[in-house]
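Student: So you can see what is in the structure, the chains are spelled out below.
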Amino acid sequence: MLAAMPLPRAVPCLPIALLLCAAAPAPAFAAAGGPEAAAAEALEAGRIGDALSLLDALLREQPESPRAILLLGRAHHAQQRDEEAAAAFRRAAELAGPSTPLGLDARCLLADALARMGRSGEALEVLKAVQAAAPDRPAVRHDLGAIHLALGELEEAARAYQAEIDLGGRAAGDGGGSGSVASSYQGLGVAAYRMGDDARALAALARAASTAEARYHQGLAHARAGRPGDAADSFRAALAIEPDHRGALQNLARAAGALGRGDERARALARFQELYRQDEEQRARRIRSRSLRAEAETKAAAGDLAGAAALLEQASRAEPLDPQVRLEWGRLLHGAGRLDRAEEALREAVRLDPLGAEARYRLARVLSQRGDDAAAAEQMQEACRLAPMAATYRILLAQLRLKAGRAQDAVRELRLAKRLSPSDPDSSFNLGLALAQAGALREAAAELEAAVGLGHSDPRVHQVLSQIYSRLGDAERSRREQETYLRLTSPGETGP
Amino acid sequence: MRPHRVLSLTAAPAALAAALAAAAPPGFVFKDVTREAGIAFDHIHGGSGEKHYVETMGSGACWFDHDGDGDIDLYAVNSGPLPGYAGSPRHASKLYRNEGGGRFTDVTAGAGVANEGRYGMGCVAGDIDGDGDRDLYVTNFGPNVMYRNEGGGRFTDVTAASGTGDPRWSASAAFGDIDNDGDLDLYVTNYIDFTLENNKFCGERKPGHRAYCHPDEYNGVPDSLYRNRGDGRFDDVSAAAGVADPAGKGLGVVFTDIDDDGWQDIYVANDKTINFLYRNRRDGTFEDISLTAGTGFSESGLPQAGMGTDAGDVNGDGRMDLVVTNLDYETNELYLNNGDLTFSDVTFRAGLGEPNYLDVGFGADFLDADNDGDEDLLVVNGHILDNIHLFKDKLTYMQPRSLMANDGTGTFREIGPLLGPDFTRPDVGRGLAVGDHDDDGDLDLFVVNNNRPAQLLHNDGGNAPGDVRGRWISIRLRGVRSNTDGIGARVKVTPRAAEGQGKVRVPPPHSAEVRAGSSYLSQNDVRLHFGLGGAGRADIEVRWPSGTVQRLDGVEGDRIVTITEAPPAR
Numbered sequence: 001m002l003a004a005m006p007l008p009r010a011v012p013c014l015p016i017a018l019l020l021c022a023a024a025p026a027p028a029f030a031a032a033g034g035p036e037a038a039a040a041e042a043l044e045a046g047r048i049g050d051a052l053s054l055l056d057a058l059l060r061e062q063p064e065s066p067r068a069i070l071l072l073g074r075a076h077h078a079q080q081r082d083e084e085a086a087a088a089f090r091r092a093a094e095l096a097g098p099s100t101p102l103g104l105d106a107r108c109l110l111a112d113a114l115a116r117m118g119r120s121g122e123a124l125e126v127l128k129a130v131q132a133a134a135p136d137r138p139a140v141r142h143d144l145g146a147i148h149l150a151l152g153e154l155e156e157a158a159r160a161y162q163a164e165i166d167l168g169g170r171a172a173g174d175g176g177g178s179g180s181v182a183s184s185y186q187g188l189g190v191a192a193y194r195m196g197d198d199a200r201a202l203a204a205l206a207r208a209a210s211t212a213e214a215r216y217h218q219g220l221a222h223a224r225a226g227r228p229g230d231a232a233d234s235f236r237a238a239l240a241i242e243p244d245h246r247g248a249l250q251n252l253a254r255a256a257g258a259l260g261r262g263d264e265r266a267r268a269l270a271r272f273q274e275l276y277r278q279d280e281e282q283r284a285r286r287i288r289s290r291s292l293r294a295e296a297e298t299k300a301a302a303g304d305l306a307g308a309a310a311l312l313e314q315a316s317r318a319e320p321l322d323p324q325v326r327l328e329w330g331r332l333l334h335g336a337g338r339l340d341r342a343e344e345a346l347r348e349a350v351r352l353d354p355l356g357a358e359a360r361y362r363l364a365r366v367l368s369q370r371g372d373d374a375a376a377a378e379q380m381q382e383a384c385r386l387a388p389m390a391a392t393y394r395i396l397l398a399q400l401r402l403k404a405g406r407a408q409d410a411v412r413e414l415r416l417a418k419r420l421s422p423s424d425p426d427s428s429f430n431l432g433l434a435l436a437q438a439g440a441l442r443e444a445a446a447e448l449e450a451a452v453g454l455g456h457s458d459p460r461v462h463q464v465l466s467q468i469y470s471r472l473g474d475a476e477r478s479r480r481e482q483e484t485y486l487r488l489t490s491p492g493e494t495g496p
Numbered sequence: 001m002r003p004h005r006v007l008s009l010t011a012a013p014a015a016l017a018a019a020l021a022a023a024a025p026p027g028f029v030f031k032d033v034t035r036e037a038g039i040a041f042d043h044i045h046g047g048s049g050e051k052h053y054v055e056t057m058g059s060g061a062c063w064f065d066h067d068g069d070g071d072i073d074l075y076a077v078n079s080g081p082l083p084g085y086a087g088s089p090r091h092a093s094k095l096y097r098n099e100g101g102g103r104f105t106d107v108t109a110g111a112g113v114a115n116e117g118r119y120g121m122g123c124v125a126g127d128i129d130g131d132g133d134r135d136l137y138v139t140n141f142g143p144n145v146m147y148r149n150e151g152g153g154r155f156t157d158v159t160a161a162s163g164t165g166d167p168r169w170s171a172s173a174a175f176g177d178i179d180n181d182g183d184l185d186l187y188v189t190n191y192i193d194f195t196l197e198n199n200k201f202c203g204e205r206k207p208g209h210r211a212y213c214h215p216d217e218y219n220g221v222p223d224s225l226y227r228n229r230g231d232g233r234f235d236d237v238s239a240a241a242g243v244a245d246p247a248g249k250g251l252g253v254v255f256t257d258i259d260d261d262g263w264q265d266i267y268v269a270n271d272k273t274i275n276f277l278y279r280n281r282r283d284g285t286f287e288d289i290s291l292t293a294g295t296g297f298s299e300s301g302l303p304q305a306g307m308g309t310d311a312g313d314v315n316g317d318g319r320m321d322l323v324v325t326n327l328d329y330e331t332n333e334l335y336l337n338n339g340d341l342t343f344s345d346v347t348f349r350a351g352l353g354e355p356n357y358l359d360v361g362f363g364a365d366f367l368d369a370d371n372d373g374d375e376d377l378l379v380v381n382g383h384i385l386d387n388i389h390l391f392k393d394k395l396t397y398m399q400p401r402s403l404m405a406n407d408g409t410g411t412f413r414e415i416g417p418l419l420g421p422d423f424t425r426p427d428v429g430r431g432l433a434v435g436d437h438d439d440d441g442d443l444d445l446f447v448v449n450n451n452r453p454a455q456l457l458h459n460d461g462g463n464a465p466g467d468v469r470g471r472w473i474s475i476r477l478r479g480v481r482s483n484t485d486g487i488g489a490r491v492k493v494t495p496r497a498a499e500g501q502g503k504v505r506v507p508p509p510h511s512a513e514v515r516a517g518s519s520y521l522s523q524n525d526v527r528l529h530f531g532l533g534g535a536g537r538a539d540i541e542v543r544w545p546s547g548t549v550q551r552l553d554g555v556e557g558d559r560i561v562t563i564t565e566a567p568p569a570r
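Those protein sequences? They're chains Y and G, same order as listed. According to the working numbering, the first sequence is numbered sequentially starting from 1. According to the working numbering, the second sequence is numbered sequentially starting from 1.
Just so you know, these hints were derived from the structure itself, not from any lab. Hints should not be assumed to be uniformly reliable.
Under 10 Å between C-beta atoms, here's a sample of chain Y residues computed to sit facing chain G [stated by the list, open to error]: (1) Glu122; (2) Gly196; (3) Ala199; (4) Ala258; (5) Leu259; (6) Asp263; (7) Tyr276; (8) Arg286; (9) Gln369.
Note that the structure is predicted; figures quoted are calculated from it, not measured. Backbone N, C-alpha and C fix where the C-beta goes; we use that ideal spot for every residue, glycine too.
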């Protein structure tokens, strides 16, 4: 969600490439055949919606399938929903067993998601655990190097990359090893350059794959070593791969200047300046849009919905394809009780981002409030398909089922929610409520007790438990639960 | 800063030098003497949890001789209450008179410079009216204030009359004589178009996760350049001079003569937009050479979060190099002056890439902390987000300070952890001002920490005379045709072994400029402090803003020398 929010004063994610230890274990999935293979194939092809549909069906049948959950994590990862991806990878590792091949894959992917979320320390710990469990697994040291490099820990990065290279030399021919070795040479070269060791940098970069970054850093090392001609060649090579590489353009201008090639310097600077101008224009548009959205929120909060609408209309003109504007508008209108217009805005948000579960969730709430529970349930079914492990969505779907008198369906959804996210207290709580309404009192009590054990903090859980125990004839427990409820809701009590 | 070794003037083999450098203790520490000095300055940002952008940017401080008694006094800027703030509504900036012997007295009330009712940011001091005493300019989030020094320790608010009350959110300011007419002009950086009314919600909508916004949430605001008319009034010449670029998000500024032509150029650190380098055309206008000079971006061609800046000659070639402090996951960038209006980004080569990579740098100064004859680099750090640990598990809000020791060639190594617990202890550094407050021959620090007590850190041991370091000379200029403090003058010091000195290390010649305003929101002592290594004397050459060049040979070291501008040679 952070990416969609106005920017905080922090780097949104580490500037690292996808970690290689987390590379797609495609062969294993292909071998499995069936919906898993199809989902994996859809993911590889970038058909995220198809993959999610297949996984939804799979998870309804096998909610504890670590393979399906791992694939789900990969789908979320592709959508840059790192928090949900991390939850899926963690669950997949837990279900598969952390040291099984699948568990190791899941933990590598978890490390990648964590690093992207800014939890690099945790990512390093996960990778070290993978390394301890599978010392010969390729790419783990590479990934440790990548995270250390992103953190500016250059000595550690160089050591890790070198270890990957050494490992690759010992185990040539492994599955992903050769890629990780080539990438490790690049990482080692970058680290060495940053440490001021040009000779080591050039030696390593000469053995790296010819990527823009490798050629760019080669150019930097040549330039620093006083070889502007070689530097210019390398920067040109980087630009041949990535024509708008800012660093290569800026440094080509420097090298060309040193070589007396005024025209080339001028051309490089002109292109660099043009790219910066484009960046600035884009930035200005974004600032304008965000300012309008912030102002609209203020107006809406003050009850000036017309004013807010006008501002958001301007914002959506500035960023016409941003579903977030519509989502915010829908949320504001919903908050203001303008359900018809909220529905309209949220439907537009869904249209702009068909894979966004949040817009569907909000739309469902509006529809339900407007009395159209059937349509709301349809939206929630779709939201659950897009984000199967999000308990909030499944709980709303279950509530809609209950309202429709379909208690068993509600129970089924909540059982699924609980199996997908067993440590989520809200799933247990709601399952307990649904079971109680379905008349399964003993099981309901067990679920509600489980919710309390998982940290559910709503005091009403004790009130419900009291009523259930009373109906079950357990007066003593009923009394105790009622006392707990009264204690937690008495003035001055802040809860457990 | 050089390794402790006693040898002749020939250099040791590089490997040996490196080994010695790595092993040698620095020989000095910084001790917190704030309380003993009589200073009690708590910076208050006035926040309420609404995360108003301005409250995380801190404030600065200025060392300047406000009463003309020869030692440096201290002015520390405070911020102010913001909507919803529950604390005391009074937030005075403070002026401390230096009583000598390392003691200060709070003279704010009598001086009339409390800046109350405003939200203070930075300060700069200089004699704007040529009457021999130093006036004070305070930047604010809101209209800035010019205080004229009336003598006798009293100041008068002359903002309206001077025409310098820029109403926008200003940050650092600096005095310099842009036209070499003998009076001081004023450059004011303006930051972004944030107001209390357009405060946005940034971060995540869950408890504790609201965060200060990124500068990309707001538009930049043009800086201001005020030309001194010489009659107490200033003209806003920003647009005419070519320095009113609306894309700038200025936080730091330094006047420096990058092409050594005797005319002051201007370097501005901008937050996430290109840093400006304005070359003085000598006709009242400036040429923006930010792009062609190569000082606008990181090495990889990206705009960085420029906060503080300083200029200094880090490799002894007589040219002014530039440093800019930046955000975490960025480097503090060092640009080496090539002498042809271009600069080389030597950040990594100089050893500055790794040590502060996860820190957010604000105040920054080149200084010779141990008097060995070269420019070390001091940076105070502290993250922008007070809840950064919720977003990045390797980062902290409070961060340690950094002192990068120069080996004399422009290569640095971090020695901060060796400088004692008072220096090392993490804090939320913002403003940094350097000066020898007790005139004992080494440079002390005043650090303003955001929403926390400020600290006076005394250099203990930097002046211990030895064969390789510890000797010094401090030069106070007295302009006659030039401005009072010789701001903009370039001084070259050539250390010499004194008679009778045995084999001591004599550093190469070194140049520095007199400045009013640098670092972040702050001003250093305008007296130029040079380390002489083991040398007991120095030859001094001064090039005044008037163009007069003045030489003094064989000046005794370990003292403060006053040089009065000589009449022009006939």
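Student: Does each hint fit the structure? Answer for all of them.
Tutor: Okay, the hints, checked on the actual structure:
Restraint check, Glu122 of chain Y versus chain G: the minimum CB separation of about 6 Å is within 10 Å; hint holds. The criterion of a C-beta within 10 Å of any C-beta in chain G is met by Gly196 of chain Y, whose closest approach is roughly 5 Å, and the hint holds. Hint on Ala199 of chain Y is violated. Least Cβ distance to chain G is approximately 13 Å, over the 10 Å limit. The restraint placing Ala258 of chain Y at the interface with chain G holds, with a minimum CB-CB distance near 9 Å, inside the 10 Å limit.
Hint status for Leu259 of chain Y relative to chain G: violated, with the closest Cβ pair at about 13 Å, above 10 Å. At about 14 Å, the closest approach between the beta carbon of Asp263 of chain Y and any beta carbon in chain G exceeds 10 Å, and the interface hint on this residue is violated. Look at Tyr276 of chain Y: its Cβ gets to within about 7 Å of chain G, closer than 10 Å, so that hint holds up. Interface restraint check: Arg286 of chain Y against chain G, minimum CB-CB distance 7 Å, threshold 10 Å, status holds.
Look at Gln369 of chain Y: its Cβ only gets to about 21 Å from chain G, farther than 10 Å, so that hint breaks.
The structure does not agree with the numbered hints 3, 5, 6, 9 stated previously, though it agrees with the rest.
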